[in-house]
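> Sequence:
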Amino acid sequence: MIRNRLFALAVCLAPFVVACSESKESAPPAATTASLPEAYHLAAEPAGAKDVLVLKTELKDGDSVVVRGRVQDFVNGLAAFVMTDGALKPCNEEGPMPTCETPWDYCCTDPAEITAASAGVEFRDGENVLRTDAQGFHGLDRLKWVTVKGVAKLDDKGNLTVVADGVYVKP
Numbered sequence: 001m002i003r004n005r006l007f008a009l010a011v012c013l014a015p016f017v018v019a020c021s022e023s024k025e026s027a028p029p030a031a032t033t034a035s036l037p038e039a040y041h042l043a044a045e046p047a048g049a050k051d052v053l054v055l056k057t058e059l060k061d062g063d064s065v066v067v068r069g070r071v072q073d074f075v076n077g078l079a080a081f082v083m084t085d086g087a088l089k090p091c092n093e094e095g096p097m098p099t100c101e102t103p104w105d106y107c108c109t110d111p112a113e114i115t116a117a118s119a120g121v122e123f124r125d126g127e128n129v130l131r132t133d134a135q136g137f138h139g140l141d142r143l144k145w146v147t148v149k150g151v152a153k154l155d156d157k158g159n160l161t162v163v164a165d166g167v168y169v170k171p
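Here the sequence shown is numbered in my numbering, starting from 1 and rising by one per residue.
In short, the hints are calculated from the structure, not lab data. The structure presented is a predicted model; accordingly, all values stated were derived computationally and were not measured. Quick reminder that beta carbons are idealized off the backbone N, C-alpha and C, glycines included. Heads up, some of the hints might be wrong.
Stated by the list, open to error - Okay, derived cross-link-like pairs now, DSS-like style, lysine-lysine, Cα gap no bigger than 30 Å in a straight line:
(1) LYS170 / LYS56
(2) LYS50 / LYS157
(3) LYS89 / LYS153
(4) LYS56 / LYS153
(5) LYS89 / LYS157
(6) LYS153 / LYS60
Said to hold, decoys possible - Computed Cβ-Cβ distance ranges for the label pairs, DEER-style:
(7) GLY136 / ALA47: 24 to 30 Å
(8) ALA43 / THR99: 31 to 37 Å
(9) ALA39 / ASP156: 16 to 22 Å
(10) PRO37 / ASN76: 15 to 21 Å
(11) GLY136 / PRO46: 17 to 23 Å
(12) ALA43 / ARG131: 22 to 28 Å
Whenever a hint applies, use it, and build me the whole structure from the sequences.
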């Protein structure tokens with residue numbers, strides 16, 4: 001339970017913690033080798049996916065969902081990440097910082113907009129988030145397009161966490 005609250009806090013604070021740099025562009029840090037169980041891998045994109053922003057206006061806690069977006073960042077040591085609505089453009093694709101070294105932090109975008117367009121994704125074993133890294137699982141990395149199938153969990157502030165049954169990483 002505490003870990004779930006910490007993850008929700010990380011989702012809310014992520015836009016404020018990471019800072020952009022205007023120096024020379026570099027690639028995201030190399031993906032680690034994830035050890036998520038293969039059962040979470042979806043070989044094909046599931047039908048009926050909705051964007052994060054659309055889904056957040058329609059769902060109720062406990063609903064089965066299929067959501068698509070981009071990976072923003074990972075939670076170190078846990079099988080969890082934050083995804084953003086595809087309408088948000090990272091700083092290296094649109095905006096005043098085409099050479100941003102950390103475009104996945106969306107620092108060119110208003111933090112409130114980032115929070116509103118974000119959802120947490122957790123891979124669990126029962127009630128607990130798995131203690132492994134998700135980054136690197138079938139190419140899962142920052143700014144990758146993903147579709148996640150799972151169950152919606154909403155907190156009292158409207159923050160969305162998807163307890164994932166599976167993830168499709170767009171090649």
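> Determine for every hint whether it applies to the structure shown.
Evaluated hints:
1. LYS170 / LYS56: Roughly 22 Å separates the two Cα atoms, so the pair holds.
2. LYS50 / LYS157: Judged against 30 Å, a Cα distance of about 21 Å means the pair holds.
3. LYS89 / LYS153: holds (25 Å)
4. LYS56 / LYS153: holds (11 Å)
5. LYS89 / LYS157: Answer holds: LYS89 to LYS157 is near 25 Å, not above 30 Å.
6. LYS153 / LYS60: holds (8 Å)
7. GLY136 / ALA47: 24 to 30 Å: holds (26 Å)
8. ALA43 / THR99: 31 to 37 Å: holds (36 Å)
9. ALA39 / ASP156: 16 to 22 Å: violated (31 Å)
10. PRO37 / ASN76: 15 to 21 Å: holds (19 Å)
11. GLY136 / PRO46: 17 to 23 Å: holds (21 Å)
12. ALA43 / ARG131: 22 to 28 Å: Distance hint for ALA43, ARG131 holds at roughly 26 Å.
Taken one by one, the earlier hints fail for this structure only at number 9.
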